[in-house]
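In this note's numbering, the protein residues as written are 89 to 347.
No lab work stands behind these hints: they were computed from the structure.
Please note that the accuracy of each hint is not assured.
[To be verified] Pair ranges (Cβ atoms, derived):
no.	residue 1	residue 2	range
1	L162	V323	16 to 26 Å
2	P289	R146	29 to 39 Å
3	N241	M111	17 to 27 Å
4	L337	V127	48 to 58 Å
5	T122	A279	52 to 62 Å
6	A279	D121	49 to 59 Å
7	E118	P310	23 to 33 Å
8	V145	N262	51 to 61 Å
9	D132	L161	19 to 29 Å
10	G252	T315	17 to 27 Å
11	P310	P123	41 to 51 Å
12	I124	S273	56 to 66 Å
13	G290	T122	18 to 28 Å
14	S120	T313	17 to 27 Å
A virtual CB, placed ideally from N, CA and C, is assigned to each residue, including glycine.
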Amino acid sequence: MVDTSATGSHRIDGAERRPFDLMCARTWAELSDTPIPLVETTADDVHRSVLETCSLVRWIARAVDEAGPDPSLLGLQVALANVGPLDVPDMRPTTVDDRHLRTLQVRRYEHPCRHGTGFGKSDGCLVPVGPPVILDRSGLPVTGLEPPRLPPNEVRVFVANGSGLSGVAGLATNLLRSADYDMASPGNASAVQESFAYYRPGHLGDARAVREVVSPYIRIEPMPTSTEYVPQRSVARVRSADVVLVVGLDLARRISRSD
């Protein structure tokens, strides 16, 4: 889910055009051999279309980058779900907090708009009045888009090695322990190529924090009910953990090189 709540905001007095928007407009004008589209008009839909399309491409490109080298389709989908707010006005994922969907953003607009130096009154535009308000499913305002995080020493993490390379779970465990996480003894997991972090309900923010410490290429998923991906001797450590990091071959190679 995305929003387009910045429609018309460039018309407000003192509004600063974002460099990314201007870059998109200039690039489109250069490739199409036309004047740079700087405002929304009733004559055409070029300005809005260029900026929204460019923003959407940036959102997807950001997710591809976060999914890591040669990502699977699932890895890309997970990255899209976790990419978070972007510094572009017209497109932003709004699926957060353990992937429970927010409602649509609520925002008031003025129409016809009478704002913007040199624009004058126009029946063909909208100008936002006040900031957008995001509501949860109960209709209450939400103050932040990022899921909450606990202090690291209150988050139990178990690292399991699914790479087949010895020692990498211990290296990742030591790295997280140095960041003050409550670490279980490292263990093993079934062989995997891609690394991922499982999180329990309410710990999505903590899983993201673990990813920030270890590697941006870790896939994040809700904790499955099955523990079959670890041997029996590691099941108790999985069940006691808030976040389980399974190190795949992709991350193992990076950890080994940086050690």
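Between D132 and L161, is the Cβ distance one that fits in 19 to 29 Å? violated, 36 Å
So does T122 sit 52 to 62 Å from A279, Cβ to Cβ? This hint holds: roughly 54 Å between Cβ atoms.
Take the C-beta atom of G252 and the C-beta atom of T315, compute their distance, and say whether it sits inside 17 to 27 Å. Between G252 and T315, where Cβ atoms are some 20 Å apart, the hint holds.
Could you tell me whether the CB distance from N241 to M111 stays inside 17 to 27 Å? Hint violated: Cβ distance 43 Å, outside 17 to 27 Å.
Given a hinted range of 18 to 28 Å, is it respected by the beta-carbon distance of G290 and T122? violated, 51 Å
Lying within 56 to 66 Å: is that true of the beta-carbon distance I124 to S273? For S273 against I124, whose Cβ atoms are near 60 Å apart, the range 56 to 66 Å holds.
Assuming the hint says 41 to 51 Å, is it satisfied by the Cβ distance from P310 to P123 or not? Check passed, 49 Å falls within 41 to 51 Å.
A range of 48 to 58 Å was offered for this pair. Does it hold for the Cβ distance of L337 and V127? The hint (48 to 58 Å, Cβ to Cβ) holds, given that L337 and V127 are roughly 51 Å apart.
Within 17 to 27 Å or not, the Cβ separation of S120 and T313? The hinted range 17 to 27 Å is violated for S120 and T313, with Cβ atoms some 53 Å apart.
Please test the hint of 51 to 61 Å on the beta carbon pair from V145 and N262. violated, 39 Å
So the hint says 29 to 39 Å: do the beta-carbon atoms of P289 and R146 match that? Holds: the Cβ-Cβ distance is about 31 Å, inside 29 to 39 Å.
Given a hinted range of 16 to 26 Å, is it respected by the beta-carbon distance of L162 and V323? Roughly 24 Å apart at Cβ, these two residues keep to the hinted range, so it holds.
The structure fails hints 3, 7, 8, 9, 13, 14 (numbered hints given earlier, in ascending order).
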